[in-house]
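The listed protein sequences correspond, in order, to chains A and B. Under this note's numbering, think of the first position of the first sequence as 56, with each following residue one higher. Under this note's numbering, think of the first position of the second sequence as 296, with each following residue one higher.
It should be emphasised that the hints constitute simulated quantities derived from the structure, not laboratory data.
Label-pair ranges, simulated between beta-carbon atoms:
1. B:Ile-368 / A:Leu-123: 39 to 45 angstroms
2. A:Trp-295 / B:Ile-342: 25 to 31 angstroms
3. A:Asn-178 / B:Lys-367: 49 to 55 angstroms
Built from N, CA and C at the ideal position, the CB exists for glycine as well.
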Amino acid sequence: METGTVNSDIIREENLVYRKSRVLTDNIMHYCPGCGHGTTHRIIAEVIEELDIQEEVIGIAPVGCSVLAYNYLDIDMQEAAHGRAPALATAIKRLMPSKYVFTYQGDGDLAAIGTSETIHSANRGENITIVFINNGIYGMTGGQMAPTTLEGMKSSTSPYGREVSLMGHPLKITDLVARLPGSYFVTRQAVHTPANVRKTKKAIRTAFELQREKKGMTFVEVLSNCNSGWKMTPVQANKWMVENMFPFFPLGDIKVNGELVSK
Amino acid sequence: MAKVKGDIVVEIERCKGCEVCLDACPTKMIAMSPDVNSKGYHYMHKIKDDCIGCANCAIVCPDGVITVYKVKIG
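Chain B extracted, bound-state conformation:
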């Protein structure tokens, strides 16, 4: 089976820090940033490079802040 590698882009300014995406991530490669955006919310960011591009985080995000990309390797 081809290996899959994904990546996400987060619109930091739109994120409200609700943390609903954290439970949805199967590889636990996202967390809340210690920094805040201009509204004072801790935004979601990547902490590891284990993304598989499943888009679960983007699908539960109430504010649609996450864009997901995926490539097949090998």
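With the rest of the complex left out, here is chain A:
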């Protein structure tokens, strides 16, 4: 097999294009191969490094797959009880208004047990950023049905697919948050291609910048695969996400500058 050679004249510090952010620790992430959590952690770290706010940012880790997020982000972080991250973020932001406060939550945390905290903190217009990872499933506990599970989507507790008459409709919580007067910037992005990763990074950066301007709640939903929960390879899972999740959860800005974006 042909193998590439190491070009010592190219691999030099002055030619550097991309390196893992120093805000990300060297710990190997526990996430499954190909999981969108890793990519999202990485771009949050990059945004923090680019804005030079490593000392001024406080993150709230949720319960779910990303419960150990504080092992990977080299910033001040606090663990919240299940679903209570926005409540904790509210307290921290009110006590320390000069800090950047963000929560990092999955759909089980934010859209199921923590719906109340999410809706009320958005309605109060808390000046915090919420990063919401939506993979349509409870990843950590073994792929059970979540509020965001699509109609007809198989999970370990809906093995024949989600039946709406029995199990209810999937919840578009991001659209709910966008309709509340306290939210200022609400967007839905994904991290499966380089272009989408760049857009998501820009959205997270915008969210932090708006938080600095005290504009209200900023909310970034990131659609992610859950290849273990969906029983697919990472590449298949990304393809499945594009074909099945994007029609129901369309990508793009939902609320910009406090105004709903008309579709």
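Since the structure of chain A is provided, determine the placement of chain B on it from the hints.
What follows is chain B alone, placed relative to chain A:
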């Protein structure tokens, strides 16, 4: 237009072999190694010298294992 040449360095031990980077590479100069790292994952490696330093692979990598370099030639 100046020609661009790039190169990548992969942290083999951190790679989990998810293969998400393979689709992202415009010149298809990376592939999975037949060898595995200490965790048993087939890691990503270079198979050709066609790298243009676009950093697409590094940007989609969930584990941040890829470092990218680029120089302009001519």
